[in-house]
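*Asks:* Sequence lines, in order, name chains D and C. Position one of the first sequence corresponds to residue 3 (the numbering used here), numbered consecutively onward. Position one of the second sequence corresponds to residue 99 (the numbering used here), numbered consecutively onward.
It is worth saying that the hints were derived from the structure and are not from the lab. A virtual CB, placed ideally from N, CA and C, is assigned to each residue, including glycine. Treat the hints with care, since some could be wrong.
[Unchecked claim] Taking beta-carbon pairs under 7 Å as the criterion, some of the chain D residues facing chain C (in silico): (1) 53; (2) 57; (3) 71; (4) 72; (5) 223; (6) 232; (7) 233.
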Amino acid sequence: MLVIIPALNEAETVGRVIADVIAALRADVVVVDDGSTDATARVARAAGAQVLSHPFNLGVGGAIRTGMRYASRQGYSRVVQIDADGQHLPSEAARLLAQLDDQQADLVIGSRFAEGYARTSAGYEVSTLRRLSMRLLSRLVSRRSKTHISDTTSGFRAFGPAAIEVLAPIYPSAYLSDTVETLLIAGDRGLRVVEISVAMRERLGGTPSSGHFRSLFHLTRVILVVLLHRVRRPVMQRGVQ
Amino acid sequence: MTWKLVVFVSAIAVINVAVVIEFVRRRKLGENFALLWIGVGLLGIVLSVARPLIDNVANDIGVRYGPTLIFTGAILFLLFVCMNLSMHISRLTERSEILAEEITFLRNRLDREPRV
């Protein structure tokens, strides 16, 4: 079982996250260093993780894509995606993994929302604009994939063998597409998607990586992607598998 | 005369949006640029129907012929697009060079490994 941790300048927290993950899940850990300029790679290696370093920044989607291709090439049958800032709890990751077996799920989403949008996980602060846009995405995606997903942009996910096989060659790497479009692809290919509410922790350190303009731009872009999804040509397989 | 102009410009803008969407559908045009060019098309439609407003603004500024503002705006916008594309190319060039260097060192490392 592989844990993928995408990281951009998270030297402050990634060591601790890796240690917690190894202790709680007994999994192999790969940190995808997305062009960090600090000691992220060195700290991660010292903490016992495999490190894949991008030559320059590709974005979190690109990092997960690299991680998924690594998982596929190394033959892992289960993958959990966890953030490097400590917001994702290993105990909650274990719950995601349990769903792969219990629910025969191929893809498990850890939602930051509970009871529709009535509550958010402790530690997850969301502005009104963000909440509205996430609700919109949820509505668009849920309708197309026939499963209700409330948190379509969650980066806290578990993948089973079928999901890895389907997604690794064609994983969409654009910001927001990597989560939202993945759900659409999963729906297309008949993968079973399950969503559970998870508790989150406050960021342990470091700074968040995206600004408002960028988020708005990519939100518009991903809405276009969702609307066009069904009529688009399939994306080409990337590289050697 | 005016309504013909509106229809003409709107038709062009609609065709523009349709072409962009088709290219995105065929995965020939990146999604990022699609938004830019769709924005252009929508702006075209808006401007073609907002002629009275443009004439007002033109008068305020001291421009005699309304459409001159539209042309000027269009030219400035195209300049902006060219600048943006130049920046994209610059970034891609830099990244290509980084990749070339990485390959150089990887190849050297492979060459130094004894062949089994």
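*Asks:* Answer holds if the nearest beta-carbon of chain C is closer than 7 Å to that of residue 223 of chain D; otherwise answer violated.
*Replies:* Since chain C brings a Cβ to about 5 Å from residue 223 of chain D, closer than 7 Å, the hint holds.
*Asks:* Please check whether residue 57 of chain D passes as an interface residue: C-beta within 7 Å of a C-beta belonging to chain C.
*Replies:* holds (5 Å)
*Asks:* Does the nearest C-beta of chain C fall within a distance shorter than 7 Å of the C-beta of residue 53 of chain D?
*Replies:* violated (15 Å)
*Asks:* Can we keep the residue 233 of chain D interface hint, with Cβ of chain C closer than 7 Å?
*Replies:* Holds - the Cβ of residue 233 of chain D comes within 7 Å of chain C, reaching about 6 Å at its closest.
*Asks:* Was the hint right that residue 232 of chain D lines chain C, CB cutoff 7 Å?
*Replies:* For residue 232 of chain D, the interface hint is violated, since the closest Cβ of chain C sits about 10 Å away, which is over 7 Å.
*Asks:* Residue 71 of chain D was flagged as interface toward chain C. Is the shortest Cβ-Cβ separation under 7 Å?
*Replies:* violated (17 Å)
*Asks:* With a cut-off of 7 Å, does the beta carbon of residue 72 of chain D approach a beta carbon of chain C closely enough for the hint to hold?
*Replies:* Not OK, violated: residue 72 of chain D not within 7 Å of chain C, min 17 Å.
Comparing the model with each numbered hint stated earlier shows that hints 1, 3, 4 and 6 do not hold.
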